[in-house]
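Participant: For reference, the chains in residue letters:
2 protein chains.
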Amino acid sequence: MSKDIGIFGNQTMGQEFLAGLEKKQFMFSLVISYTDTCTIPGITIAGKNPDLLAYTPPADAEFLNFGYCRCIDAIPMSPDGKPTPGLLTKTALEAASISNVVINAGSKIAPKLPYFETGLDYGKNIAVEPAMPLDSVTQAVEYGRMIGRTLGSFTDCLVIGETIPGGTTTAQAVLTGLGVKAKVSSSMPKNPTLLKNKIANDALAKIKSTNPFDVVAAVGDPMIPTVAGMLSTASSLTKVILAGGTQMAAVLAFSKITGYEKKNIAIGTTSYVIDDHTANLVDTIKQIDDIPVISARLALKDSKIDGLRAFADGFVKEGVGAGGASIAAMLKVGIDAKHLLELSEAEYQKTISQSRI
Amino acid sequence: MSKDIGIFGNQTMGQEFLAGLEKKQFMFSLVISYTDTCTIPGITIAGKNPDLLAYTPPADAEFLNFGYCRCIDAIPMSPDGKPTPGLLTKTALEAASISNVVINAGSKIAPKLPYFETGLDYGKNIAVEPAMPLDSVTQAVEYGRMIGRTLGSFTDCLVIGETIPGGTTTAQAVLTGLGVKAKVSSSMPKNPTLLKNKIANDALAKIKSTNPFDVVAAVGDPMIPTVAGMLSTASSLTKVILAGGTQMAAVLAFSKITGYEKKNIAIGTTSYVIDDHTANLVDTIKQIDDIPVISARLALKDSKIDGLRAFADGFVKEGVGAGGASIAAMLKVGIDAKHLLELSEAEYQKTISQSRI
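Chains as they are written, first to last, in the working numbering: chain C, 9 to 365; chain E, 9 to 365.
The shape of chain C in the complex, shown without the other chains:
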């Protein structure tokens, strides 16, 4: 097993999960979505500009596949040079020749590439109104189940990543609504925990039901039920890495009602989420089920590039399935964190050079 993979929670299950996947075939799926909750000032830095937040998910999908964005004329970086975590995902997938599929689960903007369409609308701002009708939650689960059954039948391990600005806030609200005590992670070093809690609690105060479908309809986002559907069928056929931080905790909490095959599942993330002391991913998962959390110990603190070193200082931390993709690459081809860093630095240089064309 790679020296740069850590296991948290149930060690035995984590070791068995990883041992079964060495040198195996992986498929990466990126679920792109949107919630208007991201427009609440102060909850996210994904995207440079509030008006552009809706372009972040399709731009991430495009960057992953082309190395540049098509739906928007911009490089996927903050003005001070912090790249999308998709840069780490792209690097890992290419290093290990892992193919990806994009699933549109309510993105406000469609990506300019082929993607799985689900017909779902984007999620509404939970501070203002319910996230989506109950029918949409049902459809998301059903379509997710179909996608998971198809994709799961073609690989030894389906890695599911997500990109949805504002998604940690809806994840927090869903976890709280389902009775899980969670402190969620953030893309910012100063996690606006109080603001997220207030939004979550205010939104939850408006509903009476504790039925998970009602909770997700009221305070969730379309990504959560779609990935839960995918998890339920895919995990009955093959191994699944839920690649992400606290958003995948919300998926797992909701999945208690949609079902899954426990022994085939791990949460896969980056060491920067694990190290985030304002959040508690491992404890959160433990409250839901005895499922291992696996982390890629990335080496970004050693980078000569400020924008990459920032990940180790608490910015961005995770997203676009970066942790799960890195774990998959380590397992499939044995690449280590140092080599991944070198390739990420080369990808970074290639990406910024586009802005000078």
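If you are wondering where the hints come from, they were derived from the structure by calculation, not from laboratory data. There may be inaccurate statements among the hints.
Said to hold, decoys possible - Here chain C is said to cover these stretches of chain E; the calculated rule only asks that three of the stretch's residues, wherever they fall, bring their Cβ under 8 Å from a Cβ of chain C: (1) 110 to 121; (2) 155 to 163.
Said to hold, decoys possible - Chain C side only, calculated, beta carbon under 10 Å to chain E, not exhaustive: (3) 108; (4) 111; (5) 112; (6) 120; (7) 160.
Stated by the list, open to error - Short, incomplete list of chain E residues facing chain C, as computed with Cβ under 10 Å: (8) 124; (9) 126; (10) 127.
From the three backbone atoms N, C-alpha and C, an ideal C-beta is built for every residue, glycine too.
Please build the complex by placing chain E on the supplied structure of chain C, with the hints as guidance.
Facilitator: Same frame as chain C, but now just chain E:
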């Protein structure tokens, strides 16, 4: 090798192609599309009613996945009980546990299930105007290449089927425009060859260019360049069965310019297309390239159900990748034509029983 598979054209290549696929893993992909050319009176019987023709492709995709149609409240059969060829496809895929993905390449109506979206508009009536802008042909090829690269990386053999009403007429026009002398097959026992030739020749008379992209833009349909793109990348990674009759000949003719790995390709169809003496699939393919035509010798003439026996009498013959799916099932699990017929009869009974609910 299954006794119910026939090889036409290059025998050695056909045998090598088949030998490499026994007991292997297959993926079935269904490309759904539409051309307004189908509204010309007299060229198709796909769909009961001209207004409903546009529902045929999504209904085929839904029937394949659910056993009933969702976008339209009807069973996929003609009033006198001839079923969609998708019934044979569904039977074969289920018999061999082969998963399918649906690709929307310009269907006028979206299916109510998850599908790969390409953003392509449906094709126009080539008797009236150009089928599509040149940009759409380019996009179809590019998106097809991405889809083929992804799907091809997950299977030993990608089977590509299609459903597009009126598609044999656009196929005829493209073949003629590319200098291939073809008599195309039809879903009707009295093939309206003269009408199809006239439509094709009139449409071709309006263009000057013999560039394949221009020909497809003028007289083709969105399915052709999409499947050509899929073929180019998928055949460089794995084996590909182009599942269909003369429409796949048009794809192959256009693919001479988009490229493919010859040794990894076969045309897969039903014996009813091979036996159609108004058409000449094997001769058509020979004019394009030395690629084997493989046929599933189905046993529908022995059916106790009139609607299935009609296939052997020259109705429908092929479609929704029925021939290729049957070949895939025979290769993967060794099922024979007799057993497939029994399962098809059961599926038929199940399907008509829905209309009595």
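Participant: Work down the list of hints and note, for each, if the structure agrees.
Facilitator: Results for each hint:
1. A count of 5 residues in the segment 110 to 121 of chain E with a Cβ less than 8 Å from any Cβ of chain C is obtained; the coverage claim is therefore met, three being the minimum.
2. Here the segment 155 to 163 of chain E counts 6 residues with a CB under 8 Å from a CB of chain C, which clears the bar of 3, and the coverage holds.
3. Interface restraint check: residue 108 (chain C) against chain E, minimum CB-CB distance 7 Å, threshold 10 Å, status holds.
4. With its C-beta approaching chain E no nearer than about 8 Å, residue 111 (chain C) sits inside the 10 Å limit, and its interface hint holds.
5. Annotation: interface hint on residue 112 (chain C) holds; nearest CB of chain E at approximately 7 Å, less than 10 Å.
6. Annotation: interface hint on residue 120 (chain C) holds; nearest CB of chain E at approximately 8 Å, less than 10 Å.
7. Restraint check, residue 160 (chain C) versus chain E: the minimum CB separation of about 9 Å is within 10 Å; hint holds.
8. At its closest, the beta carbon of residue 124 (chain E) sits 5 Å from a beta carbon of chain C; the interface hint therefore holds under the 10 Å criterion.
9. With its C-beta approaching chain C no nearer than about 5 Å, residue 126 (chain E) sits inside the 10 Å limit, and its interface hint holds.
10. Taking 10 Å as the C-beta contact cut-off toward chain C, the hint placing residue 127 (chain E) at the interface holds, the least distance being around 7 Å.
In terms of the numbered hints stated before, the structure departs from none.
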